[in-house]
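Visitor: What follows is each chain in one-letter form.
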Amino acid sequence: MMILMHVIGALCVVTGCFFMLVAGVGIIKFPDAYCRAHALGKAMTLGIIFLLLALGFLVESVAWWKVALGIGFQLVTIPVASHLFCLAAYRRKMRRWTAKGWV
Amino acid sequence: MSINTLIEIAYYFGLALMFSVLVCGCWRLTRGPTTLDRLLGLDTFTVSIVGLVAVYSIRANTAEYVELILIVTALGFFTTVCFYYYLSQPRKKGGEDFNLEGKS
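Residue numbers (the numbering used here), protein chains in the order written: chain A, 1 to 103; chain B, 1 to 104.
Keep in mind that the hints were calculated from the coordinates and are not lab data. These figures come from a predicted structure and were not determined experimentally. Be careful, since some hints might not be right.
Computed, partial: chain A to chain B, Cβ under 7 Å [what the hints assert, rightly or not]: (1) I3; (2) I48; (3) V59.
Using N, Cα and C, we set each Cβ at its ideal position, and we do this for glycine too.
Please build the complete structure, drawing on both the sequences and the hints.
Guide: In structure tokens form, the structure reads like this:
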């Protein structure tokens, strides 16, 4: 049982770091602020949730309700922040990128 | 392969990828054409610092840094909200332009 939890935790670390790297590449490569906020709000939330799950699996002395509180906090704050970026860009009528060119 | 070796490999892999995400955030923070892009880079920076704390806490096998995760998350979120409030004020005539049109 211990070995199973450790293997699951190590896999969660690798998966979470992979998704965070995907979000970082999206933040570098995407063309405008709306797309970058999308990369921040989705991929990075998934990655940080996997990392906190790995923390709960691998460290025995951590309380599960603290891990759950951290996951809930991330789930509330990161998407709200990325939506605030999009809202500020939309209010200022920033140019946005579409498949046909800049609008 | 013992289980400690597996966790060690996962730790170094996670450390390398977290620092890569940190570099991505710094790149967007310095190169972003608009002010919003710079703020986005700052938020990426904060979230990757939270990930670094989680990975290090797994390696050190302690539960003392979970509160630090909560505090850093709250700080990043309130920073974002304050900057949004600042940017959403109506711009004064002749005031500072935040370069929101993406010039240069």
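Visitor: Going by Cβ atoms only, is V59(A) closer than 7 Å to chain B?
Guide: V59(A) check passes; min Cβ-Cβ to chain B is 6 Å, inside 7 Å.
Visitor: Given I3(A) was flagged as interface, is its beta-carbon under 7 Å from a beta-carbon of chain B?
Guide: Holds, about 6 Å.
Visitor: So, as I understand it, the hint says I48(A) touches chain B; can you test that by seeing if any CB pair is closer than 7 Å?
Guide: holds (6 Å)
In this structure, every one of the numbered hints holds.
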